[in-house]
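So you can see what is in the structure, the chains are spelled out below.
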Amino acid sequence: MTTKKNYLRPIDFKHGHIDMTHGAGGRAAAQLVNELFARAFDNEYLNQGHDGALLPFPTGGRLVMATDGHVISPLFFPGGDIGCLSVHGTVNDVAMSGAKPLYLAASFILEEGFALADLKRIVESMAAAARDAGVPIVTGDTKVVEKGKGDGVFISTTGVGVVPDGLCIDGRQARVGDVILVSGTMGEHGVAVMSLRESLEFETAIESDTAALHTLVQAMLQALPDPGALHVLRDPTRGGLATTLNEIATQSQVGMAIEEALIPVLPQVEAACELLGLDPLYVANEGKLIAICAPEVADTLLAAMRAHPLGQGAQRIGTVTQDAHCFVQMSTRFGGRRVVDWLSGEQLPRIC
Amino acid sequence: MKYIDEFRDGDGARHIAAKIAAEVRTDLSYNFMEFCGGHTHAISRYGIADMLPANVRMIHGPGCPVCVLPIGRVDLAIRLALERGVMLCTYGDTMRVPASDNLSLIKAKARGADIRMVYSASDALKLAEQNPEREVVFFAIGFETTTPPTALVIRDAAARAVKNFSVLCCHVLTPSAITHILESAEVRQLGTVPIDGFIGPAHVSIIIGSQPYEHFAEEYRKPVVITGFEPLDVMQGILMLVRQVNAGQAVVENEFSRVVTRDGNLAAQNLVSQVFELRESFEWRGLGEVPYSALKIRPAFAEWDAERKFDLHYASVPDHKQCECGAILRGVKRPQDCKLFGTVCTPESPMGSCMVSNEGACAAHYSYGRFRDIAVVAASASA
Chain A
39 MTTKKNYLRP
49 IDFKHGHIDM
59 THGAGGRAAA
69 QLVNELFARA
79 FDNEYLNQGH
89 DGALLPFPTG
99 GRLVMATDGH
109 VISPLFFPGG
119 DIGCLSVHGT
129 VNDVAMSGAK
139 PLYLAASFIL
149 EEGFALADLK
159 RIVESMAAAA
169 RDAGVPIVTG
179 DTKVVEKGKG
189 DGVFISTTGV
199 GVVPDGLCID
209 GRQARVGDVI
219 LVSGTMGEHG
229 VAVMSLRESL
239 EFETAIESDT
249 AALHTLVQAM
259 LQALPDPGAL
269 HVLRDPTRGG
279 LATTLNEIAT
289 QSQVGMAIEE
299 ALIPVLPQVE
309 AACELLGLDP
319 LYVANEGKLI
329 AICAPEVADT
339 LLAAMRAHPL
349 GQGAQRIGTV
359 TQDAHCFVQM
369 STRFGGRRVV
379 DWLSGEQLPR
389 IC
Chain B
134 MKYIDEFRDG
144 DGARHIAAKI
154 AAEVRTDLSY
164 NFMEFCGGHT
174 HAISRYGIAD
184 MLPANVRMIH
194 GPGCPVCVLP
204 IGRVDLAIRL
214 ALERGVMLCT
224 YGDTMRVPAS
234 DNLSLIKAKA
244 RGADIRMVYS
254 ASDALKLAEQ
264 NPEREVVFFA
274 IGFETTTPPT
284 ALVIRDAAAR
294 AVKNFSVLCC
304 HVLTPSAITH
314 ILESAEVRQL
324 GTVPIDGFIG
334 PAHVSIIIGS
344 QPYEHFAEEY
354 RKPVVITGFE
364 PLDVMQGILM
374 LVRQVNAGQA
384 VVENEFSRVV
394 TRDGNLAAQN
404 LVSQVFELRE
414 SFEWRGLGEV
424 PYSALKIRPA
434 FAEWDAERKF
444 DLHYASVPDH
454 KQCECGAILR
464 GVKRPQDCKL
474 FGTVCTPESP
484 MGSCMVSNEG
494 ACAAHYSYGR
504 FRDIAVVAAS
514 ASA
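These protein sequence lines are chains A and B, in that order.
One rule links them: number in the numbering used here = place in the first sequence (from 1) + 38.
One rule links them: number in the numbering used here = place in the second sequence (from 1) + 133.
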């Protein structure tokens, strides 16, 4: 009698597609996890193989947790893809409280028929982004929905981080007289994604700015003798700079006065927006932040931002004002004044 | 941006503003109607009102394509999509125009209607060719600027015998709307809307030329300055109107001479008249039935006319009782005079059409200028 060698035919990542068995919890599902996700994300916590990851608990500080669903279309765009975006988005949400991001969890909703080659590309991009950010993906989940009930892949990520005691950065902290800074040019992500949209295709060299901003945040905090002088951090994603400033104004019950001439926008983004009838102030970013700080530290903070690769284009764009109506007002380059209002309706659907 | 920045230059603006301030006579008032939504948008977005003397007042006109679209027309489109199962294609701004039963195209889409936003008429025809099993209808709206592209796709659909494509034509005409305003009781008899001149259409005039306005200047003694949509154009157009008023003149002048000629684009005019003919009457939101103010598809292209193909019958639907869009579109009221403005009617949930498009008087004022109303209130309260 001969014993056959245990053999499992490897997944065909070149020509294969997701089918319903990949989400059924059986052998096919386990094989997908082992050959794709575990191999790509590889870290000691994920390798525990538990349903939940057991993690060392940081001593001191407070825990920060953030979650973000990613439904972007198209999945691949100039400068990135849904994989790295889903890491950057959540790392940034955690970092905007001044926290150091520690761990990520990822949940995938896959559509039956989705090409495994595309999934592999996305997962590897995600793994690379997590590695570069130094934030491991420690647990995850995979589900499959019937063809037509999803759109290739949706990725939901959750992140936790720790913020030192005493640091209090949030949207309610903007004070009258504070200075408003942005870390760079506005609108690249939205325009890069739009350039690929059906019926809108135009050739452009504009790439998404998708990036993890936590090291920039750390550099900013370290540059300040008293980190308490940094009052608000926020990343202007959907709805762009305009909507984010309005959110902060409302939360802090203040007004804002900004100057159009000081807001950095790449000429090619400006041109694309002109063509599409969009306003760059409302177009999404995925690798930029807004910082609001006490006026006396503005120069130090600006210098620290400009010294970091992700903040080279940082600019001071305005100040926080007293305004019971919480208006964000802008002096136009033209010489007039106007409100910069919340985004209304849907300017760019499924941008992240 | 080359060719754009030159027309948005702050120094240039201050230069023209100084000239306007120097030349206006304090014993006169200057009430100018800007016909187009494009001008309304530029005036609000660039804060042009801040740069004008107090006795120069801009009155917003009816030239915003989605604003003048009556509820009944949007209802036709919604029913086509919801009840007849067509794939309905239209320009983005049309999506949120409020219609009957608390619906709009975007809400009908959420109820399962297949409604697509397109950037050009030819994209709608392309969708029809890609989906031969579906009926595709292009909901065509707009003034003379958007009419030639619609004519072109109808001609192409006929040439390529695309049988599953048709057009719901709601194209309207600028000169008849201006005549209607000038003939209205408010302007002619009551004088409640003093109009001392018109900032004439920009893009529309590229197609129809400056000649059609000569009639208004002669017949009604109103100066017209055809003006581009960039803010410096608008400032210059206002200065030219001020000069005509001061000189007691009423002629058509062309500020937008870099693209507008007296005769306009003859090829486009030709194409339009091949495909379209005048409607005897068309209902405008705010203006009511206006004779010979819109276009319909000629019988030769009946196969591509959605009204004929689906046997559609227009029924007029009144606006919300308190909605002042009508009076605002005629220049009788300002957005801030409407009770609904900024309360139940906002860009998020528009009750009236002027709050929908960023070219609409209400949306432009809400989005860019409403802090001025509050500043006025605060100042008088503290005084």
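Treat the hints as calculated values from the structure; they're not laboratory data.
Ideal Cβ placement from N, Cα and C applies to all residues, glycine included.
Honestly, I wouldn't trust all of these hints.
[As the list claims (entries may be wrong)] The calculated label-pair distances, taken between Cβ atoms and stated as ranges, are:
| no. | chain 1 | residue 1 | chain 2 | residue 2 | range |
| --- | --- | --- | --- | --- | --- |
| 1 | B | Glu422 | A | Arg388 | 40 to 46 Å |
| 2 | B | Gln344 | A | Arg388 | 33 to 39 Å |
| 3 | A | Phe114 | B | Ser390 | 44 to 50 Å |
| 4 | A | Arg159 | B | Gly475 | 56 to 62 Å |
| 5 | A | Ile49 | B | Glu436 | 31 to 37 Å |
[What the hints assert, rightly or not] Below 35 Å or equal to it, Euclidean Cα-Cα: the simulated DSBU-like pairs (lysine-lysine) are:
| no. | chain 1 | residue 1 | chain 2 | residue 2 |
| --- | --- | --- | --- | --- |
| 6 | A | Lys185 | A | Lys52 |
| 7 | A | Lys187 | B | Lys259 |
| 8 | A | Lys187 | B | Lys296 |
| 9 | B | Lys240 | B | Lys442 |
| 10 | A | Lys158 | A | Lys181 |
| 11 | B | Lys242 | A | Lys181 |
| 12 | A | Lys52 | B | Lys259 |
| 13 | B | Lys429 | A | Lys187 |
| 14 | B | Lys296 | A | Lys181 |
| 15 | B | Lys152 | B | Lys240 |
Consistency of the hints with the structure:
1. Restraint check, B:Glu422 to A:Arg388: a C-beta distance of roughly 42 Å satisfies the suggested window 40 to 46 Å.
2. One distance hint, 33 to 39 Å for the beta-carbon pair B:Gln344 and A:Arg388, is violated here, with the actual separation near 47 Å.
3. Restraint check, A:Phe114 to B:Ser390: a C-beta distance of roughly 46 Å satisfies the suggested window 44 to 50 Å.
4. About 48 Å separates the C-beta atoms of A:Arg159 and B:Gly475, a value inconsistent with the hinted range of 56 to 62 Å.
5. The hinted window of 31 to 37 Å between A:Ile49 and B:Glu436 is violated, with their beta carbons roughly 53 Å apart.
6. For the proposed pair A:Lys185 and A:Lys52, the alpha carbon gap of about 20 Å is at most 35 Å, so the pair holds.
7. With a C-alpha separation of about 26 Å, the suggested pairing of A:Lys187 with B:Lys259 holds against the 35 Å cut-off.
8. With a CA separation close to 31 Å, the supplied pair A:Lys187 and B:Lys296 stays within the 35 Å bound.
9. Among the hinted pairs, B:Lys240 with B:Lys442 is consistent with the structure: their alpha-carbon atoms are about 25 Å apart, no more than 35 Å.
10. Pair hint A:Lys158 plus A:Lys181 holds up; C-alpha atoms about 16 Å apart against a cutoff of 35 Å.
11. Taken as a hint, the B:Lys242 and A:Lys181 pair is honoured in the structure, with Cα atoms around 28 Å apart against an allowance of 35 Å.
12. Our distance criterion of 35 Å between C-alpha atoms is met by A:Lys52 and B:Lys259, whose separation comes to about 33 Å.
13. With a CA separation close to 41 Å, the supplied pair B:Lys429 and A:Lys187 exceeds the 35 Å bound.
14. Taken as a hint, the B:Lys296 and A:Lys181 pair is broken in the structure, with Cα atoms around 42 Å apart against an allowance of 35 Å.
15. Among the hinted pairs, B:Lys152 with B:Lys240 is inconsistent with the structure: their alpha-carbon atoms are about 49 Å apart, more than 35 Å.
Checked against the numbered hints given earlier, this structure breaks hints 2, 4, 5, 13, 14, 15; the rest are met.
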